[in-house]
Amino acid sequence: MGMDVLNEAIEKLTRGPGRERWTPSLISVSDTAMRVHPAQEEEEATHIWECQVRYVTFIGVGRDAHTFALIVDMGQRFQCTAFWCEPDAGTISEAVQAACMVQYQKCLVAAAPRAKAKGAAARAGPAAAGDAAGSAFVPGLPKASGGGGPGPRKRGVFSFLGSFRQKHSLLHTP
13 MGMDVLNEAI
23 EKLTRGPGRE
33 RWTPSLISVS
43 DTAMRVHPAQ
53 EEEEATHIWE
63 CQVRYVTFIG
73 VGRDAHTFAL
83 IVDMGQRFQC
93 TAFWCEPDAG
103 TISEAVQAAC
113 MVQYQKCLVA
123 AAPRAKAKGA
133 AARAGPAAAG
143 DAAGSAFVPG
153 LPKASGGGGP
163 GPRKRGVFSF
173 LGSFRQKHSL
183 LHTP
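Per the numbering used here, the sequence shown starts with residue 13, numbered consecutively.
Read the hints as simulated data drawn from the structure, not as lab findings. Quick reminder that beta carbons are idealized off the backbone N, C-alpha and C, glycines included. Hints are not guaranteed to be accurate.
What the hints assert, rightly or not - Each pair of labels, with its calculated beta carbon distance range:
#1 33 with 76: 32 to 40 Å
#2 116 with 13: 19 to 27 Å
#3 124 with 53: 40 to 48 Å
#4 78 with 16: 18 to 26 Å
#5 44 with 91: 37 to 45 Å
#6 29 with 118: 39 to 47 Å
#7 52 with 123: 22 to 30 Å
#8 35 with 123: 37 to 45 Å
#9 120 with 31: 35 to 43 Å
#10 86 with 24: 13 to 21 Å
#11 16 with 88: 34 to 42 Å
#12 17 with 51: 35 to 43 Å
Generate coordinates for the entire structure from the input sequences, incorporating the hints supplied.
In structure tokens, the structure reads:
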């Protein structure tokens, strides 16, 4: 369903008149937003289009490997935006996918402390309340890793980002 909508929108744009008026642009993607700036503009403050990553509902590369499109939830309606990419749409697709996954990870992390705090309060007894000598754990605060490397949450994010590095290197091998 989503790819049908994207491909239809892409076809309307590429086959319709006005292709010569398309603006050469640069797309910047962060974990929170996508911004499109005119390629000729020196100042990055001006942008043609902007989208918060959290509102992206669907992304895809079109039938032509140069085309990339996404569907954004605009509140009362959905908007499909398409891009013609050089040399192909693979890199931008991966960047937007990674940004969406980081947003999803942030949602999971934001929801996790509430669930852990409720579970920890239910299990807390006299022995769990700090009987261990030198325990620095304070309920509601993140536990220090003690110099043993990053905590499990940070390791999970590094592992997640590492999978994109591997995928990127596989895509660009001759």
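Against the structure, the hints come out as follows:
no., hint, result
1, 33 with 76: 32 to 40 Å, "violated, 19 Å"
2, 116 with 13: 19 to 27 Å, "holds, 21 Å"
3, 124 with 53: 40 to 48 Å, "holds, 41 Å"
4, 78 with 16: 18 to 26 Å, "holds, 19 Å"
5, 44 with 91: 37 to 45 Å, "violated, 18 Å"
6, 29 with 118: 39 to 47 Å, "holds, 42 Å"
7, 52 with 123: 22 to 30 Å, "violated, 43 Å"
8, 35 with 123: 37 to 45 Å, "holds, 40 Å"
9, 120 with 31: 35 to 43 Å, "holds, 41 Å"
10, 86 with 24: 13 to 21 Å, "holds, 18 Å"
11, 16 with 88: 34 to 42 Å, "violated, 22 Å"
12, 17 with 51: 35 to 43 Å, "violated, 28 Å"
Comparing the model with each earlier hint shows violations of hints 1, 5, 7, 11, 12; every other hint is respected.
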